[in-house]
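Letter 49 of the sequence shown, counting from 1, is numbered 299 in this note's numbering, and no numbers are missing.
Calculated from the structure, these hints are not laboratory results. In this text, all values refer to a predicted model and were calculated from it rather than measured experimentally. Take these hints with a grain of salt, some might be off.
DSS-like mimics (lysine-lysine), calculated; alpha carbons at most 27 Å apart, straight line [as the list claims (entries may be wrong)]: (1) K309 - K320; (2) K314 - K296; (3) K309 - K394; (4) K304 - K280; (5) K353 - K275.
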Amino acid sequence: MIIPKNIGTHIFFLSFLSILNGSQKFYNDKIIIYIDNSVDDFQIFKDQITTSNKVLNNKLELEKAKFIRKWLPKARPTDHDGDVYLNRYYVVEFHSAKESIEKTIEEFLLLVPVRSGEIIPIVELSFQPNDEFWQALYGLRQVKADSAYGLYDVENGEIPGHMPSSEIVVAIPDASLMWDHPDLFDNI
251 MIIPKNIGTH IFFLSFLSIL NGSQKFYNDK IIIYIDNSVD DFQIFKDQIT TSNKVLNNKL
311 ELEKAKFIRK WLPKARPTDH DGDVYLNRYY VVEFHSAKES IEKTIEEFLL LVPVRSGEII
371 PIVELSFQPN DEFWQALYGL RQVKADSAYG LYDVENGEIP GHMPSSEIVV AIPDASLMWD
431 HPDLFDNI
């Protein structure tokens, strides 16, 4: 569930794994916030609890936050869809569970630097791969490919990308791939 600060704010961030998996479980000790684009030079300091924004620091202290960190640490300022930048999403984790995580998000939305807030779904596998060598494929764990299992009901015939009149070719490299490597980024 995305809670925008105002109706004019459009966020195109979907918790699609939770929706497709039918899960209604959410963490009650962490949230995702989006730091508004008008906030210049936002930084998290080494202690992982202090930021360059005093208003946000006061709220983090009041809510007994354990840490604040980038949601996608490798996201660049150029990774965006319209005016939504992936490098401006941050996870705030608290020392203990909140009685009402939605109320906590609403309180964060009262802060000037926070544009939107979201609860974080708990994604659980509903399908286990039958590959006997799964544990040896470190690259798949590294990109959390196991999270993709459960998106489709393969056991009952639901096959992702199945097209009766077409053919799909799948290549599986046996080495990891740095998709954001300068030589590859514009060619993949």
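Each hint tested on the structure:
{"no.": "1", "hint": "K309 - K320", "in the structure": "holds (17 Å)"}
{"no.": "2", "hint": "K314 - K296", "in the structure": "holds (17 Å)"}
{"no.": "3", "hint": "K309 - K394", "in the structure": "violated (32 Å)"}
{"no.": "4", "hint": "K304 - K280", "in the structure": "holds (20 Å)"}
{"no.": "5", "hint": "K353 - K275", "in the structure": "holds (17 Å)"}
Consistency note: the structure conflicts with earlier hint 3 alone.
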